[in-house]
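Please model the complete structure; the sequences and the hints are all you need to start from.
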Amino acid sequence: MLSVGTFVLISIIKIVIALIVLLTAVAYTVWLERKVVGHIQNRWGPTRVGPFGLLQPLADGVKFIFKEDLTSPHVYRPLYIAAPMISLIFALTSIAVIPVGNWVTVGGIHTPLQITDVNMGLLIVLGITSMGVYGVALAGWSSNSKYSLLGGLRASAQMVSYEVSLGLSLIGVLIMAGSFSLRDIVDAQGGAYWHVIPRWNIFQGQIFAFFIYLTAAFAETNRIPFDLPEAETELVAGYHTEYSAMKFAMFFMAEYANMITVACLASLLFLGGWHGPLFGPAWLQAILPLFWFALRIFGFLFVYIWVRGTLPRFRYDQLMAFGWKVLLPLAIANLMITGLIVALKS
Amino acid sequence: MQPVATTFFFYLLSGAAILGGVLVITRKNPVHSALALIMTLLAQAGLYLMLYAPFVAGVQIILYAGGIMVLFLFVIMLVNIEKVQKQEQFNKQWLVGIVAAAALGVLFVLVYMKGESLFPKHVVRLAEESNTQEIAVLLYGQYMFAFEIASLLLLVAIIGAVVMAKKRI
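Line order of the protein sequences matches chains A and B.
Add 888 to a position in the first sequence, counting from 1, and you land on the number used in the working numbering.
Add 89 to a position in the second sequence, counting from 1, and you land on the number used in the working numbering.
Among these hints, one or two may not hold up.
In silico DSS-like cross-links for lysine-lysine, where the CA-CA straight-line distance does not exceed 30 angstroms [as the list claims (entries may be wrong)]:
(1) A:K1213 <-> B:K255
(2) A:K1034 <-> B:K175
(3) B:K255 <-> A:K1034
(4) B:K203 <-> B:K117
The following residues of chain A were derived to be distant from chain B, with all beta-carbon distances above 10 angstroms [stated by the list, open to error]:
(5) G926
(6) F952
(7) E956
(8) V963
(9) L1218
(10) A1221
(11) V1230
Every beta carbon over 12 angstroms from chain A, so not counted as near; a handful from chain B, in silico [claimed, not checked]:
(12) L136
(13) I151
(14) L207
(15) A239
If you're looking for bench data, these hints aren't it; they were derived computationally from the structure.
In this text, all values refer to a predicted model and were calculated from it rather than measured experimentally.
Each residue gets a CB set at the ideal place from its N, CA and C atoms; glycine is no exception.
Set out below in structure tokens:
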């Protein structure tokens, strides 16, 4: 048992590390996106700042800070300023319950590689992501411009619709693990069948759930092909039309942080989290789980970018019809079949 | 770890909930009212957590704060705010208001006087891991009938909404 003081100190250290890693990952996801999309479109992407343009995120950050922060006179100021903060705060908060590895013992203190190990982990992530929509909706409303308002309306309708399928697709996994704790869900996926096929949920019959989750997650994070809230051709930039400089950057960071959260969840729930082959000396065995987990997240981010470089955007009625008439029935069917099989097995 | 500063958090969350509730009815701008209601709902979720009901707290945030209130806001955003702000906010039905307030006040006083026997002295602390399972067993076992009736009611509401919204089916 830890004393309150040590507990607070350890938590603060973990929060600082997690935030630094997350924000760096956000910055380099942007770089990766520009690079990969560039190559898909037969361009080079950023090359000028540093080797392979690796310092580009730094330059972008400096630019965002020194840009003129315009505030149009017709906006509703308190909410206009609060909206990007709401977006970013909720996007960064959900990392608090995401485990990145097993328990470690450092200097006599036994602690999980996770800011806080709660049993309601998955519910908390879902709750926080469902609150994130307020940033977008309020930005659209408080900007007092028709493009922003339409973007905000689209975003809220889209996120509420796809949240249903997203939640339902996860319940199959919950039934199989019998727990809301992300750590328990990962632990249940350890080992392999005949030493070859890992016991990840995706190989245990949750493959449909995985694709439903992935599709819904694209819609939740407003990414192409579901980026209707910011469709340039119709809405200028959607909900962040009236935003500039750091306020715009906050929306941008929130979007990429959400992508990373979604990638973390997908790896934890469907792809066995940090499980992977362990070999070599002790220090390597300690680091390898982190590496496997990061590799999965990288894979997901790459798929995100790949899809962005490949698919065109949906029409809005198609988006709604797809969400309610295809994705939701599939998710419910998956849930019922999973429940039936688990009930028959036990 | 033992819970720390529970009294502080209780008053903080209750205060936030009450403040939010008062703001909901006193703000003229409906968007502000909706935001105040979200604050109340979130504070309630915190109170559920303090009562060792993490599942209820999570569902409260996901459904009420993150789902239903988004739809409220969605509708409000389509309303012409300037027009709404010029409208009268309160009904002038003093008599009914006073009677209702008095009845509620009497109820509160009664609960305060006899509260000792009405409420359990200690919160039953379920193990955090099994909380959801306990709820599931109760919901699908003992309260199966009530649960099914509730779901039937919701189904009727959904069908009613579809029929009203769509002229030709």
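(request) With 12 angstroms as the threshold, tell me whether A239 of chain B passes as away from chain A on beta-carbon distances. (result) holds (18 angstroms)
(message) At 10 angstroms, judged by beta carbons, does E956 of chain A keep clear of chain B as stated?
(response) For E956 of chain A, whose nearest Cβ neighbour in chain B is about 28 angstroms away, the distance exceeds 10 angstroms, so it holds.
(message) Tell me if the straight-line CA distance from K203 of chain B to K117 of chain B falls inside 30 angstroms.
(response) violated (38 angstroms)
(request) Examine each Cβ of chain B, and state whether all of them lie more than 10 angstroms from the Cβ of V1230 of chain A. (result) holds (13 angstroms)
(request) Verify that the Cβ of A1221 of chain A lies farther than 10 angstroms from every Cβ atom of chain B, and report whether the claim holds or is violated. (result) Holds: least Cβ distance 18 angstroms, greater than 10 angstroms.
(request) Find the nearest Cβ of chain B to the Cβ of F952 of chain A and say whether that gap is larger than 10 angstroms. (result) holds (28 angstroms)
(request) Check the non-interface label on V963 of chain A: least C-beta distance to chain B beyond 10 angstroms or not. (result) holds (13 angstroms)
(request) Hey, is I151 of chain B genuinely clear of chain A, shortest beta carbon separation above 12 angstroms? (result) violated (5 angstroms)
(message) According to the definition I'm using, a residue is off the interface if its beta carbon is farther than 10 angstroms from all beta carbons of the partner; does L1218 of chain A meet that for chain B?
(response) Non-interface label on L1218 of chain A holds, nearest chain B Cβ at 19 angstroms vs cutoff 10 angstroms.
(message) At 12 angstroms, judged by beta carbons, does L136 of chain B keep clear of chain A as stated?
(response) At about 15 angstroms from chain A, L136 of chain B clears the 12 angstroms cut-off, so the statement holds.
(message) Just to be careful, I want the Cα atoms of K1034 of chain A and K175 of chain B compared with a cutoff of 30 angstroms; is the pair within it?
(response) Status holds; Cα separation ~22 angstroms.
(message) Hint check: K1213 of chain A vs K255 of chain B, CA-CA at most 30 angstroms. Holds or violated?
(response) holds (16 angstroms)
The structure shown violates the earlier hints numbered 4, 13.
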